[in-house]
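Q: Residue strings, one per chain:
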Amino acid sequence: MALIEASAGLTWNLVDDVRELFQYGFMVNALRAGTVVAVMAAVIGWFMVIRRQSFAGHTMAVVGFPGAAGATLIGVSALYGYFAFCVLAALMISTVPHSRGRAFSQENAVTGTVQTFLLALGFLFVSLYRGNLNGINSLLFGNFLGITDTQVLTLLLVAVGALGILVAISRPLLFASVDPDVAAARGVPVRMVSLLFLVLLGLAAAEASQITGALLVFALLVMPAATAQRLTPRPVLGGAIAVVLALAVTWIGLGIAYYSPYPIGFWVTTLAFGAYLGAGVVTRRNPWSRRTLGTAT
Amino acid sequence: MSSRASWRPWHAPRGTEVEPRPTEDVLRLADAAVKVGGRTLWSGVDLSVGAGEFVAVLGPNGVGKSTLVKVILGLLPPSAGTVTVFDDRPGQHNDRIGYLPQRRSFEPSLRIRGIDIVRLGISGDRFGIPLPVSRRARRRRRAEEERISEVIDLVDAATLVDRPIGELSGGEQQRILIAQALVRRPALLLLDEPLDSLDLPNQSSVAALVSTICRQEEVSVVMVAHDVNPILSYLDRVVYIAEGGVAAGTPREVITSETLSRLYRTPIEVLTTTDGRLVVVGHPEAPAHHADRHGGATHGAH
Chain A
-6 MALIEASAGL TWNLVDDVRE LFQYGFMVNA LRAGTVVAVM AAVIGWFMVI
44 RRQSFAGHTM AVVGFPGAAG ATLIGVSALY GYFAFCVLAA LMISTVPHSR
94 GRAFSQENAV TGTVQTFLLA LGFLFVSLYR GNLNGINSLL FGNFLGITDT
144 QVLTLLLVAV GALGILVAIS RPLLFASVDP DVAAARGVPV RMVSLLFLVL
194 LGLAAAEASQ ITGALLVFAL LVMPAATAQR LTPRPVLGGA IAVVLALAVT
244 WIGLGIAYYS PYPIGFWVTT LAFGAYLGAG VVTRRNPWSR RTLGTAT
Chain B
7 MSSRASWRPW HAPRGTEVEP RPTEDVLRLA DAAVKVGGRT LWSGVDLSVG
57 AGEFVAVLGP NGVGKSTLVK VILGLLPPSA GTVTVFDDRP GQHNDRIGYL
107 PQRRSFEPSL RIRGIDIVRL GISGDRFGIP LPVSRRARRR RRAEEERISE
157 VIDLVDAATL VDRPIGELSG GEQQRILIAQ ALVRRPALLL LDEPLDSLDL
207 PNQSSVAALV STICRQEEVS VVMVAHDVNP ILSYLDRVVY IAEGGVAAGT
257 PREVITSETL SRLYRTPIEV LTTTDGRLVV VGHPEAPAHH ADRHGGATHG
307 AH
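Chains as they are written, first to last, in our numbering: chain A, -6 to 290; chain B, 7 to 308.
Rather than coming from a laboratory, the hints here were simulated on the basis of the structure.
Built from N, CA and C at the ideal position, the CB exists for glycine as well.
Worth double-checking, as some hints may not be accurate.
[Unchecked claim] What follows is a list of derived Cβ distance ranges for each label pair: (1) ARG277(A) to GLU156(B): 30 to 38 Å; (2) VAL107(A) to GLN98(B): 26 to 34 Å; (3) VAL107(A) to GLY251(B): 34 to 42 Å; (4) THR4(A) to ARG147(B): 38 to 46 Å; (5) ALA161(A) to VAL287(B): 50 to 58 Å; (6) GLY267(A) to THR165(B): 29 to 37 Å; (7) MET85(A) to ASP202(B): 50 to 58 Å; (8) THR46(B) to PHE116(A): 33 to 41 Å; (9) GLY134(B) to ARG277(A): 36 to 44 Å; (10) PHE133(B) to GLY68(A): 24 to 32 Å; (11) SER111(B) to THR4(A): 53 to 61 Å.
[Said to hold, decoys possible] Taking lysine to any residue pairs in the SDA-like style, the calculated list, with each CA pair at most 20 Å apart, reads: (12) LYS41(B) to SER85(B); (13) LYS76(B) to GLY180(A); (14) LYS76(B) to PRO182(A); (15) LYS76(B) to ASN130(A); (16) LYS76(B) to TRP5(A); (17) LYS41(B) to GLY58(B); (18) LYS76(B) to ALA177(A).
[As the list claims (entries may be wrong)] Pulled a few chain A residues facing chain B out of the computed Cβ check, cut under 7 Å: (19) ARG12; (20) ARG123; (21) ALA161.
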C-alpha cells in the first residue's frame, strides 16, 4: 500500500511508532471510528451470540455490501448504503414467519439464496462504478483510509443511540432470548423486543462493515463476544470483556495495518481469532469450568 | 416490613398481613370447555383450587392438558363455562402466577448462569437502565437479592447457580426454573410436565420439592403430568382429562379402577400398597415408554 512510503516505517521504539500513528488525520479518524465500532459491535454481538442469531448478523452484513456499492455508485458515502441496506435486511428478516426471535437459523435456504443474489448485485454495482478499482476489496474486506470527520460523527451518534436503546431493553431482551415462553407469560413484549434487537444488529453490522468490510464483520461482531462467553457466563462481565477484546483487536489491528502492506480486515480478524483460541486454552484451567466444579460437588 | 409491601407487593412476607379471604379459591373452573381449531378438546371441567393446594392435571398426551394451563393464563378463552383466576378473568393477574412451560431444556452451550435465570424472574420484564441510583432502588435491589438467595436455598440449588445453565442436568435445570417461577412469591404455580424427561430419582425429588414448596410457601400448585405415581402421595386434588371424559376430585374419589378404566377406555388397576399409598397400574401412557426400555433391558440380559 501507499502507506509504506508515507510512513517512516517501523522502528524498534514502540512509543515513537505509536506516536506516529496519531500524526496523520486519517489515522486519528480510523482510530476514532474503530473505537466506536468496536464498543458497539462487541456489546450487540454478545446478545447476538446468546440469541444464536449469528446467521442473521452475517446476512445483514452481506446485504450491506450491495448497499455500500450502490451508495458509491450514486455518489454518496458507502456508510449510508451499509446503514440503509442492513436495517432493511433486519426488517425483512423479522417478517420471516415463525421467527419468534431465534427460529431464524442456518436451515433457512431462502435467506441463503437471497444473500448470494445480493452479493452478486453488489459485485455488479462495483463494476458499474468505474472509478476506484480498489473499491470492491475495501467494501468486502475493510479499509480504514479516508474516514471523514462527518463519518466518525455519524458512527458515534448511531452507536450511542443504539447502545442506549440496547441498555434500556437489556433485561427484557435477555429474558426473551433465553426463555421466550416464560418471558411472554410475564408480559415481556417478546416480538417487539426481538424486532428492535434485529434493527440494532443491523446497525452494528453496518458500522462494523465500515472497518472490517462486509465479509469480515464477524471479527468484531462474533469473535470478541464468543471469546468473552468462553471466559465467563456472567452477563455484565462478559459484555465488558467483549468490549475490551474488540477494542484491543481494533487498535492493535489498525496499528499493524498502518505499518504492514496487508489489509486491516485480515489483522483484526487474525487477532480476534487468536484471542478466541487463547480463551479456549485458558478455560481448560479455569476454576469455574465444569470439570473442576463437578469433582467438588 | 410494611414499607416494603407498599412499594412492591410481592415482597411482603406471607402472613404479615391479615388474610381477608381465608377460603378464597385461587382458581375456579365451572363446566368449562375449550375448543382448538373448531374441535372441542375437553368440556364439563369443574375444579376449584384453594390456597396452598397441590393439584395435578393428568391424562394421556394430546388431550389438552397444556391447553388448560393456557386457559388459566388467559392465553386462550374457554369456549363454554366460566374460568376465574383470583376472582377475576384469566390473564388479569398473571403477575401472581409462576409459570413453567413444557419441556424446556437449555442448549448445552448456553453461557448464562443459573442465578441469572432466577434473577430474570424478578427483573426480566423491567425496561430501563439497571443501575440502582436512589436509596430506594438500592434497598429494593437488596431485598430482591435476599429473595433470590432464599428461593435458591429452597430448591437446594446453591451449589448449581454459579454454573452455566446449559451444563446442568435436566433435574438441576428444573430446580433452577422452579426457583425462577417462585422468586416473586406467586400465589399460584403452573407447572407443565416438570417431570417429563427426568429419570425416576429426579422425578421423585422434584415432586417432593414441589410439595415442600406448596406447604412452605403456601402457594397453590397446578401440575400437569401424564404419570401420576411420582406425585400421587402429595396431591390434594386431581383432574383427569381423557378421551372418555373428565373427572375431578380428591385422589381417593377419582383414582379408582372403575373411574380410570372408564376415562381411558382401557383396563386400569389401582392398587393400595401396604403403607396405604395408591399405585396406578396399566396406565396407557406410561407403558409406551417403559415397554421399550424393558424390552431393551431384557435383550441385554439374555
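Q: Now, for every hint given, state plainly whether the structure supports it.
A: Cross-check of the supplied hints:
no., hint, in the structure
1, ARG277(A) to GLU156(B): 30 to 38 Å, "35 Å, holds"
2, VAL107(A) to GLN98(B): 26 to 34 Å, "44 Å, violated"
3, VAL107(A) to GLY251(B): 34 to 42 Å, "52 Å, violated"
4, THR4(A) to ARG147(B): 38 to 46 Å, "52 Å, violated"
5, ALA161(A) to VAL287(B): 50 to 58 Å, "56 Å, holds"
6, GLY267(A) to THR165(B): 29 to 37 Å, "35 Å, holds"
7, MET85(A) to ASP202(B): 50 to 58 Å, "37 Å, violated"
8, THR46(B) to PHE116(A): 33 to 41 Å, "58 Å, violated"
9, GLY134(B) to ARG277(A): 36 to 44 Å, "39 Å, holds"
10, PHE133(B) to GLY68(A): 24 to 32 Å, "41 Å, violated"
11, SER111(B) to THR4(A): 53 to 61 Å, "57 Å, holds"
12, LYS41(B) to SER85(B), "6 Å, holds"
13, LYS76(B) to GLY180(A), "14 Å, holds"
14, LYS76(B) to PRO182(A), "17 Å, holds"
15, LYS76(B) to ASN130(A), "54 Å, violated"
16, LYS76(B) to TRP5(A), "70 Å, violated"
17, LYS41(B) to GLY58(B), "30 Å, violated"
18, LYS76(B) to ALA177(A), "12 Å, holds"
19, ARG12, "37 Å, violated"
20, ARG123, "47 Å, violated"
21, ALA161, "6 Å, holds"
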